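Asker: Residues per chain are reported as follows:
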Amino acid sequence: MLRRTVLKSTALAAAASFGMFGAAFAENPVLKIGFVGVTSGPAAAWGTSNQRSMETRAAWINETGGYDIGGTKYDIEIVSFDDQKDPKRAIAGMEQMAQAGIHYVVGPNVDDGAAAVRPVAEQNGIIYFPYAFPKELYTAPASNAVLGMVANYQSGPAIYKYLMENNGVKKVAFVAANESDPLSQRDSGSAAAKALGLEIVSDTVTYQVDTTDFTPVLLPIIQTAPDLLVLSGVSPANAPQLIRSARELGFTGLISTETAQDAAVLQEGAGELANGFISVGGASTAELASDQMKEFVDRYTKMFGEYNDESNTKVYALEYILATIAANPAGMTDVEAFKATMDTFEAPNPYMKGDAKLKYVGTTSFGQKRQVSVPLVVNTFNNGAFETLFVAQVD
Amino acid sequence: MEQILANGLYLGAQYALIALGLTLIFSLMNVLNFAHGQMYVFGGFVTYTVVAQLGLPFIVGLVASALVLAVMGALIEVFLFRPVIRKSKRDESTMLLAAGIAFFLDAVILLLFGEKQRGVPKIVGGVLNWDMRIIMPYDRILIGVLAIALIAGFIALMQYTKAGRAMRALAQDRVAAQLMGVDVDRYSMIGFALGAMLAGLVGGLLVTITGINLGMGGPTSVKAFMMIMIGGAGVISGAIAGGFILGMMESIGLTVLSAYGDITYLAIFASLMVFLAFRPQGLMGKPWG
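These protein sequences, in sequence, are chains A and B. First residue of the first sequence? That's 1 in this note's numbering, and the numbers climb one at a time after it. First residue of the second sequence? That's 1001 in this note's numbering, and the numbers climb one at a time after it.
To be clear, the hints were calculated from the coordinates, so they are not data collected in a lab. Heads up, a few of these hints could be off.
Here are the simulated DSBU-like pairs of lysine-lysine, each with C-alpha atoms no more than 35 Å apart in a straight line [to be verified]:
id, chain 1, residue 1, chain 2, residue 2
1, A, Lys88, A, Lys135
2, A, Lys73, A, Lys32
3, A, Lys171, B, Lys1122
4, B, Lys1122, A, Lys294
5, A, Lys32, A, Lys369
6, A, Lys88, A, Lys339
7, A, Lys171, A, Lys88
8, A, Lys302, A, Lys357
9, A, Lys339, A, Lys369
10, A, Lys302, A, Lys359
11, B, Lys1122, A, Lys302
12, B, Lys1286, A, Lys170
Derived Cβ-Cβ restraints for the label pairs, each shown as a range [as the list claims (entries may be wrong)]:
id, chain 1, residue 1, chain 2, residue 2, range
13, A, Glu387, B, Asn1129, 23 to 33 Å
14, B, Gln1172, A, Gly276, 32 to 42 Å
15, A, Pro348, B, Leu1257, 29 to 39 Å
16, A, Lys302, B, Val1256, 30 to 40 Å
Computed from a predicted structure; not experimentally measured. Just so you know, even glycine gets a beta-carbon here, dropped at the ideal spot from N, CA and C.
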């Protein structure tokens, strides 16, 4: 008898708890946003910072009651897929997103993955936000890809011009990993530098991404005595080693890149040898970051143990997706409505101080608005932290 | 030219130390340890944790890497390879197991240490500049010397200790060694632990120079396999020769061929294919295994 009562009570308690949990989950409808990018292998830092930024922001939104779209609060669920930097897996990931009924995806992180998923995205009504620079992804007839950051052919000329005018740079050398993204960034960077009248003293030296000793790689470049050494498309894993080797070989000129970097990684890998290193970041410095940005960094750090400075840029894609859908709720399931909204969309930028706006840009580079407007913040690294060198706007 | 030779010697010393552990395990157990690179990465992260996170001296980090990897190697041999070797006569069973361990370690490293590149401060400052003919930071010289000292210590251990003699006997003929009273299980475990320990030590040494990240494991294993293919699989002297040859080829190629793009490893692989066509057992390996 006692046993039967215990069993009954347990069953009732279980049913009640499931009911309560069900009610809790059913409070808000769920909006799923996808991520397809690299979260394993040597380039894991790129995709992981994307995924964690999205998860941090989604948890924050859900904790504070959901995201208001057309008067309804939605909980945000991030559905992630690791493409391992392999275009075939990126296609599989995008197909998985389509099967899950997801219309908005952040990623992929690299050129070939972003190009590979284009047919799947266009056939299945998916808007995706790659971190890849080929112009054909964003130029008509392509219309479903939105560049999630500033491209190197936009930031490079601005940096070179600044350094010509302020630091008297005349001779520039490029070094790149032997992969599609860095090589295309090197070629466009070299062309931009030539157009500005800079002398290119070296742009043929490349290295394997798994190189562990960069001294022999850099030796022939340093012998050409450039004023500026550009690390084209350099990954956060390779940047400290390249800087360290260049300085140890006696190079005293400037070193720059057009990719985002992480201050802690630079400090650990190169220490004071990285002082003066120029890179591109988002709202990354104290003078630019709003209170919401500071809270985002704090939440990210609490959630994952350590912040990644690349997330200063990666924080934006999810915000753009949600804010654009909020501006036109029909865009939640109809990407054509979303695209129509992109042309006129404007909202306050919650991550920057002042009156900065979230808006789509890219008309100059792509002939249509297929790029998120994130501030072009050019930083210098000094004693473990980034300092703002200058800020510019794309388009 | 002096700089090319210096770079080649430095690269060769670290490569040889990586290859030693791999060839030791192969010679004792006929196991191609595809997880060797991941063990190297794990060792690097252990040193990083001890030195950069806990603030302890570098030597403590190095010892911790050696101990952790030795224990890991012993456990892997006892609980994974030993039962598989006992139950399966097919070589591919151990190869699949090794590949599985490599993927497993990759996932563990990501969970424990994260996705970021890590590094520890230079252990010695300053750069040797010999009239612009050789430029070499002192920390690289120190790491190169330590690597050579470790290689010498390993050779002495194999040559002059009871355990070393037992392992050499095992490598030459497993059955004969068993008949002569060598405890095969015990020395297989010690050999695997020693091989893993060497991988961990190199990871710990190089985290001060190259840093470490979770993607380094696979490429390190590939390079280690290349070295033992050049020198001859399962031969200690062959692994050392293979390491120094690969280091020197890389240094020469990166300097001489830099104007033609990244073709150094293309040239190295092409040379290796031609070489293996004429001498498939490598420089010092025996044609019969």
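Asker: CA of A:Lys171 to CA of A:Lys88, is that 35 Å or under?
Answerer: Cα-Cα ~40 Å, so violated.
Asker: Lying within 23 to 33 Å: is that true of the beta-carbon distance A:Glu387 to B:Asn1129?
Answerer: 31 Å, holds
Asker: For the pair supplied as a hint, A:Lys171 and B:Lys1122, is the alpha-carbon distance within the 35 Å limit?
Answerer: 31 Å, holds
Asker: Taking 30 to 40 Å as the stated bounds, is the beta-carbon spacing between A:Lys302 and B:Val1256 within them?
Answerer: Roughly 52 Å apart at Cβ, these two residues miss the hinted range, so it is violated.
Asker: Range hint 32 to 42 Å: satisfied by the CB atoms of B:Gln1172 and A:Gly276?
Answerer: 57 Å, violated
Asker: Does A:Lys294 sit within 35 Å of B:Lys1122, going by the straight-line distance between their CA atoms?
Answerer: Answer holds: B:Lys1122 to A:Lys294 is near 32 Å, not above 35 Å.
Asker: Quickly compare the C-alpha distance for B:Lys1286 and A:Lys170 to 35 Å and report which way the hint goes.
Answerer: Violated - the C-alpha atoms of A:Lys170 and B:Lys1286 are around 58 Å apart, more than 35 Å.
Asker: Given the hint that B:Lys1122 pairs with A:Lys302, does the C-alpha gap stay at or below 35 Å?
Answerer: Measuring from Cα to Cα gives roughly 30 Å; hence the hint holds.
Asker: Against the 35 Å threshold, does the CA-CA distance of A:Lys302 and A:Lys359 hold or violate the hint?
Answerer: 30 Å, holds
Asker: Are the Cα positions of A:Lys339 and A:Lys369 separated by 35 Å at most?
Answerer: 9 Å, holds
Asker: Taken at face value, is the distance from the CA of A:Lys135 to the CA of A:Lys88 at most 35 Å?
Answerer: Within the cut-off at roughly 21 Å; holds.
Asker: Quickly compare the C-alpha distance for A:Lys302 and A:Lys357 to 35 Å and report which way the hint goes.
Answerer: 28 Å, holds
Hint violations for this structure: numbers 7, 12, 14, 15, 16, all remaining hints satisfied.
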